[in-house]
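Let the hints inform the model, and build the full structure from the sequences given.
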Amino acid sequence: MFKFQGSYKDKFFYAGLASLPVLFFLFLLPVNSYAKIYINIYAAKIKKIRVAVPDLKNISSYRRHQKIAKNAARIIRHDLSVIGYFHVVNPLSYLESPRHAPVSVKKIDFANWSVLNAQYLINGEYKTKNGVIKIKANLISVYTQKLLFTEELKGRVKEYRYLANKFADDILKFLTGVKGPFTTKIFFVGERGGVKNIFMMDFGGHRVKKITDNTSINIFPHPSPGGHRVAYISFKDGNPAIFIKNLNTGGTVKLNLPGPAEYVSWSPGGNKLAIALTPDHYNTEIYTININGGNLKQLTYTGGINTSPSFSPGGNRIAFVSNRGGSPQIYLMNADGSDQRRITYNGSYYNTSPAWSPGGKKIAFASLVNGELQVYVMNTDGTDERQITDTLYSAQHPAWTRDSRIITFDTEAAGRQELFMIDVNESGMMRLMPRIFPEMQNYYSPEWTLKSPH
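Each residue of the sequence shown is one higher than the one before, counting from 60 in the numbering used here.
These are calculated hints, taken from the structure and not from any lab test.
Treat the hints with care, as some may be off.
Straight line, CA to CA, 27 Å or less: simulated DSSO-like cross-link-like pairs of lysine-lysine [as the list claims (entries may be wrong)]: (1) Lys166 - Lys193; (2) Lys107 - Lys232; (3) Lys166 - Lys205; (4) Lys165 - Lys193; (5) Lys232 - Lys217.
What follows is the structure in structure tokens.
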């Protein structure tokens, strides 16, 4: 059962609740224009595309950095496998040795791939010298036996993971017309012994970095659209307040507000925040405020609890949660506070945590079903509700990747709260947290950057 602790207000509150830049050069050499779409991501039902991704070929002198051959290919396989459009053919079934197989499309024996029913082949080669890596990777149609897309990337050897993610991003851009999320960052809360701090990591769970480092409670991280700043709620000075950290400089500012803060999110322009405040320590209302702390404007006046604001991608509307009708439900309003209206009528007495998709077509939210919260998606007018998760324990805090293909959330697994992701086609749920980072007891409240901060 989903169990609440504390007062009703606490229940509602909690349920609603960089390293150096990469130095690289990128050369795009598309054989066909991006304008041609190979996969219609808006189709009602998408049949998975079978793709083969053999290890890259190491052409370095003295075969330096041999592990990159397997690791880079593994990253591309992982990235494509979490999108609901691809089935990655098991590498154990490949008939060719990547070390000796030709990379050039003119020399490939396509029978070795067509027998595996592979529709696309992704191969490539790399060489390293003086700490620099050069990768050339290809997307090839097995059916037409033609090179569709090739890309050359150059950077520091230690940034090969990012370069592999970048290629996976651009494959999706080429095939679907929408860039992938693999070079973006995810922010989340890590908890140990009651202490909660904000963390950041890459899509694949690597390069985990601690953003806050105190012995208090830091929650609800929301990165700016460009990914170079993060706003969050912290109790480190007593009452919950909003802090904004600049990830480039490391500097942190605290907003001077007229009461405890309970939620914060960014406008798509990055110059304004939507926040939930409780000035009278009883009624929680939604406001907007400039990121410098000026121009505080109250948007709701209903009393009770209004929280969890989420801007539309266009910045003209805000989805939020209110209990003005007797129970928490999802509402919409214009960005100036006008035209407030309820949009959830699914029969659940508890709907919370709205998250507007970056594409602007959907809103994800959490709905109480049979005693547990589950992730739903709906159109922005509340129609066409669809349950996405069916977890044993509550699935909470849904958040979208920038391509509107994947929803991340947290749920209990093996006795602790962990981060998971699921594509909107419901093709499978995957654990997001890396196994290399086990020291926290719980992880939750994921949020993604919309751009690559590299």
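Checked hints:
1. Pair hint Lys166 plus Lys193 holds up; C-alpha atoms about 22 Å apart against a cutoff of 27 Å.
2. Taking the CA atoms of Lys107 and Lys232, the gap is about 17 Å. The hint holds against a cut of 27 Å.
3. Of the supplied pair hints, the one linking Lys166 and Lys205 holds, its CA atoms being roughly 11 Å apart against a limit of 27 Å.
4. For the proposed pair Lys165 and Lys193, the alpha carbon gap of about 22 Å is at most 27 Å, so the pair holds.
5. Distance hint between Lys232 and Lys217 is fulfilled; the C-alpha atoms sit about 25 Å from each other, no more than 27 Å.
Going through the hint list in order, the structure satisfies each hint without exception.
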